[in-house]
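Engineer: Sequence:
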Amino acid sequence: MKEAIVDKIVSVIIRDVDIPTPEPGQVLIRVVVSGTNPKEGLEMPQNGDRTLSLTKEMISQVAAFHEMGSPHGSCGEYAIAWEYTIFHLTEKTSFEEAATIPLAAMTAALGLCQALRLPLPWSPGDKPTPLVVYGGASAVGAFAIKFAQLSNIHPIIAVAGNGAPFVETLINREKGDTIIDYREGDDAVYSGIKAASKETPIHHAYDAVSEKGSYVTLGAALDAPGKITVVLPVETGKVKEHISIHWTMVGSVHMPPAEGQTLGDKRVCGCFLPIHWSRSRTEMVLGPPM
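Heads up: the sequence shown at position 17 corresponds to 206 in the numbering used here, and the numbers run straight through without jumps.
Accuracy of the hints is not assured; some may be wrong.
Listed below are the simulated DSS-like cross-link pairs for lysine-lysine, each with C-alpha atoms no more than 27 Å apart in a straight line [unchecked claim]:
#1 Lys383 / Lys364
#2 Lys316 / Lys335
#3 Lys401 / Lys316
#4 Lys383 / Lys429
#5 Lys416 / Lys387
#6 Lys316 / Lys281
#7 Lys335 / Lys383
#8 Lys281 / Lys335
#9 Lys401 / Lys427
#10 Lys335 / Lys416
#11 Lys316 / Lys427
#12 Lys427 / Lys364
#13 Lys387 / Lys335
#14 Lys316 / Lys364
#15 Lys401 / Lys416
#16 Lys364 / Lys401
#17 Lys383 / Lys416
Across the chosen pairs, the derived CB separations fall in these ranges [stated by the list, open to error]:
#18 Pro390 / Leu339: 21 to 29 Å
#19 Lys401 / Ser433: 17 to 25 Å
#20 Gly449 / Leu339: 20 to 28 Å
#21 Ala377 / Phe355: 16 to 24 Å
#22 Lys335 / Glu266: 31 to 39 Å
#23 Pro260 / Tyr379: 28 to 36 Å
#24 Lys427 / Pro390: 15 to 23 Å
#25 Ser433 / Met190: 43 to 51 Å
#26 Lys429 / Phe355: 30 to 38 Å
No lab work stands behind these hints: they were computed from the structure.
Think of the CB as a built atom: it goes at the ideal place given N, C-alpha and C, for glycine as much as any other residue.
Based on the sequences and whatever the hints tell you, model everything.
Structural biologist: Following this line, the structure appears as structure tokens:
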């Protein structure tokens, strides 16, 4: 098969390699559409041997999340993914649309469920639970808002800029949801968050940006004890006492449960992105039984 190797200066080498063989619990996928992540450009190694990381692979009617840093990603004609990261596509979902789902949706789900410990879609909340989503128009932020809606988490206080019209389609104004324009400055964001809560304490924030001090502003606006989940490493000492910061990394779905976790990230992944595929409707090869 053909495989592309991309280095840090974005030069591409096409080479012929063998079609990979899936291990137990893995699936061999014929790639139709590959999604990429902006982070790839930040983490590109010298030799380009990890360019297949942080991608999503689509086949027939299935989408999946490839294990970061491992071989056989979506830059080849065939890719490998673990079966618990695969989910069935509806007839209305195109391959291109599906490319936006696996990494971003899993990151959003892990942040809400594991880091912030918020209600789950199958056990929705029954009382006001303000949630701030910084970067509501980003891929991760948008999925966080969608999952929050399913979990009846309100009011959702979304921070956005040019993407505000898109975020407007995700929120529910009747339940107190609102949008704050970050372009008006940090002080305006802080004031807007406080005003939107209507004196209800705010203990949870999802920072889908995690740059240029966004988490610092959130830390100032949250009430103690507060939790912020970020998608990039940050300086935790810059927030006030009793505000904890958790770095959500989607690659954790491929790791054993962290100490103290009742439900590991792998299981959470399987809950939010269930496998609903049939071998008769897809082009895939299963690995040996586990």
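Engineer: Each hint should be assessed against the structure and marked as holding or not.
Structural biologist: These are the hints, each one checked on the structure:
1. The straight-line distance between the Cα atoms of Lys383 and Lys364 is roughly 16 Å, inside the 27 Å bound, and the hint therefore holds.
2. Among the hinted pairs, Lys316 with Lys335 is consistent with the structure: their alpha-carbon atoms are about 18 Å apart, no more than 27 Å.
3. Taken as a hint, the Lys401 and Lys316 pair is broken in the structure, with Cα atoms around 33 Å apart against an allowance of 27 Å.
4. A hinted pair counts as satisfied when its Cα atoms are at most 27 Å apart, and Lys383 with Lys429 qualifies at roughly 16 Å.
5. For the proposed pair Lys416 and Lys387, the alpha carbon gap of about 19 Å is at most 27 Å, so the pair holds.
6. Pair hint Lys316 plus Lys281 does not hold up; C-alpha atoms about 34 Å apart against a cutoff of 27 Å.
7. For the hint linking Lys335 to Lys383, the alpha-carbon distance of about 22 Å falls within 27 Å, and the restraint holds.
8. Under the criterion of a C-alpha separation no larger than 27 Å, the hint pairing Lys281 with Lys335 is consistent with the structure, at around 18 Å.
9. Proximity of Lys401 to Lys427 is assessed by CA-CA distance (about 12 Å); at most 27 Å being required, the pair is judged to hold.
10. Between Lys335 and Lys416, the direct Cα distance comes to roughly 20 Å. Compliance with the 27 Å bound is thereby established for this hinted pair.
11. Our distance criterion of 27 Å between C-alpha atoms is broken by Lys316 and Lys427, whose separation comes to about 31 Å.
12. About 32 Å separates the Cα atoms of Lys427 and Lys364, which puts this hinted pair outside 27 Å; it is violated.
13. Only pairs whose Cα atoms come within 27 Å are accepted, and Lys387 paired with Lys335 is accepted, the gap being roughly 22 Å.
14. Taking the CA atoms of Lys316 and Lys364, the gap is near 11 Å; set against the 27 Å cutoff, the hint holds.
15. In summary, the hint linking Lys401 to Lys416 is supported, as the alpha carbons are separated by about 19 Å, within the 27 Å threshold.
16. Taken as a hint, the Lys364 and Lys401 pair is broken in the structure, with Cα atoms around 30 Å apart against an allowance of 27 Å.
17. Between the alpha carbons of Lys383 and Lys416 the distance comes to roughly 16 Å, so the proposed pair stays at or under 27 Å and holds.
18. Restraint check, Pro390 to Leu339: a C-beta distance of roughly 23 Å satisfies the suggested window 21 to 29 Å.
19. Taking the beta carbon of each, Lys401 and Ser433 are about 21 Å apart, inside 17 to 25 Å as hinted.
20. As the Cβ distance of Gly449 to Leu339 is approximately 26 Å, the hint placing it in 20 to 28 Å holds.
21. One distance hint, 16 to 24 Å for the beta-carbon pair Ala377 and Phe355, holds here, with the actual separation near 20 Å.
22. Separation of Lys335 from Glu266 is about 32 Å and conforms to the stated range, judged on CB atoms against 31 to 39 Å.
23. Checked against the given bound of 28 to 36 Å, the beta carbons of Pro260 and Tyr379, roughly 46 Å apart, lie outside it.
24. Against the hinted window of 15 to 23 Å, the Cβ-Cβ separation of Lys427 and Pro390 comes to about 21 Å, which satisfies the hint.
25. Take Ser433 and Met190: their Cβ atoms lie about 46 Å apart, and the range 43 to 51 Å holds.
26. Take Lys429 and Phe355: their Cβ atoms lie about 32 Å apart, and the range 30 to 38 Å holds.
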